[in-house]
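Given these sequences and hints, build the entire structure.
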Amino acid sequence: MKPDSHQLPDNAIGAPNSQSPSDTPEHVAELIHRVAQKDRQAFALLYQATATKLLGTVLRILRDRGWADDVIQDSYLKIWQKAEQFQDGKSSPITWLVSIARNSAIDELRKHPAGRTTNSDELDEMPGRQSTAQEQLEDQQAANKLNHCIDQLEKDRQDMVRLAYLNGWSREDLASQFEQPVNTVKTWLHRALKQIKRCLES
Amino acid sequence: MTERDDLDMLVAEFVLGTLPAQEREYVETRRREDPEVEALILQWEERLGRLAEETEPVQPSPALFAKIEKALDRIESTARKAAETSNVVALRSQLTRWRWSTAVASAAALVLMAVLVLQPQPTPETQSFVAVFQHNDEQPAFLLTVDLKEQRLNIRPVTAEPRPGKSYQLWIKADELGPNPRSVGVLGNDFKLDEGALRSYDPALLKEATFGISVEPEGGSPTGQPTGPAIHGYLYPTDGNNQ
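Top line first, the protein sequences correspond to chains A and B.
Residue numbering for the first sequence follows my numbering, starting at 28 and increasing by one per position.
Residue numbering for the second sequence follows my numbering, starting at 3 and increasing by one per position.
Derived from the structure by calculation, the hints contain no laboratory data.
Which chain B residues stay away from chain A? Per the calculated CB distances, all over 12 Å, these:
#1 152
#2 166
#3 167
#4 168
#5 177
#6 178
#7 182
#8 196
#9 197
#10 199
#11 204
#12 206
#13 220
#14 223
#15 224
#16 227
27 Å max Cα-Cα, derived DSS-like pairs, lysine-lysine:
#17 A:105 / A:117
#18 B:175 / B:194
#19 B:209 / A:109
#20 B:175 / A:105
#21 A:138 / A:105
#22 A:65 / A:109
#23 B:194 / B:168
#24 A:213 / A:138
#25 A:224 / A:172
#26 B:175 / A:117
#27 B:209 / B:175
#28 A:172 / A:213
#29 A:65 / A:105
#30 A:109 / B:175
#31 B:69 / A:105
#32 B:72 / A:109
#33 A:65 / B:209
#34 B:194 / B:151
#35 A:65 / B:69
#36 A:109 / A:138
#37 B:209 / B:151
#38 A:138 / B:69
#39 B:209 / A:105
#40 A:65 / A:117
Glycine included, each C-beta is placed from N, C-alpha and C at the ideal position.
Put into structure tokens, the structure is as follows:
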């Protein structure tokens, strides 16, 4: 499969991060618990509250609308089936849902790496997104802390972490972009991840 | 670097998304078998999760949810049918699909399994559990019923067919039994298994255990461990309203 290159519009990123009551973490958590009871109405509400977020995440990784739709379908079926495993204390609900979708998207991408190509435009998007996101999240302590910790990394490694997490780049993609052997990339990623972990714990 | 550090980094890269396909599959297999791996994954997802806020939302097409609902109808009706064939129609069922494979199993060898969960009640008459072992999204392959009170099991094929030169083998796995699955028994040609095969297990253990069926060389696994593609799932403690 060789999907069309799909670039996301950049204009949405600066929009205020307003949360309607339907997508507060508490409400989403409650919906997940109801879905665990096989409540179809709650499933529809959960989809309404979260599908834009999950599709944004998956589309940014796969860059193909049809492909992303398939992965979203698969993700919501998984959510239906795994809802009973969700535990409030261990996961924040949005992160839990996004992780299911991201994992499906990345699994797809690793299985069909030819489905998309990475390009340096994606790299150029990074610094802008970062600062906008920081402004946007100024009052969100946890995000600030993660951003702060990522900002402590060397510039290349900041980009690597974001390209991997947000755009689904593999070690190989990063190696060719940053002109480093794959093993060096792996070492850098491990150092970066350890540094982030230490920083978040400090 | 310690083994624990290695595992932590493997999981961290899994969550970051940079692992190659095979290593991802390895982590996904381990997460189903090892609660520690699952816990590490959740921790890393929480650490990095806020990064996702940098991605802007995208409106799905209106048709997508209808498609999802249709797919869900199919899954649910499969679950219902399976429940009917096991004479437990009245019991409310929950369905969990598992995807399980060894790190080397090819995608084609993957078999899906669904577990029907019957809710336990504090009363002694509902001591029966059922699991559905499923080839794909459509058709259940096996149905396993366990009567906890009598420690009796009944396994019956739904769509599973004999495979020449191969045997199906039933496994049990529980924390108390150590890290590896234990064989419950090899299914005979008529798919029958001694109904008392679980008698030596404590009912409390059975409630928490994971069951699996694997495809093995004729007569059963030569190694004492599953060697072929397998399907896994829990028999949940059942109860109408304990959630």
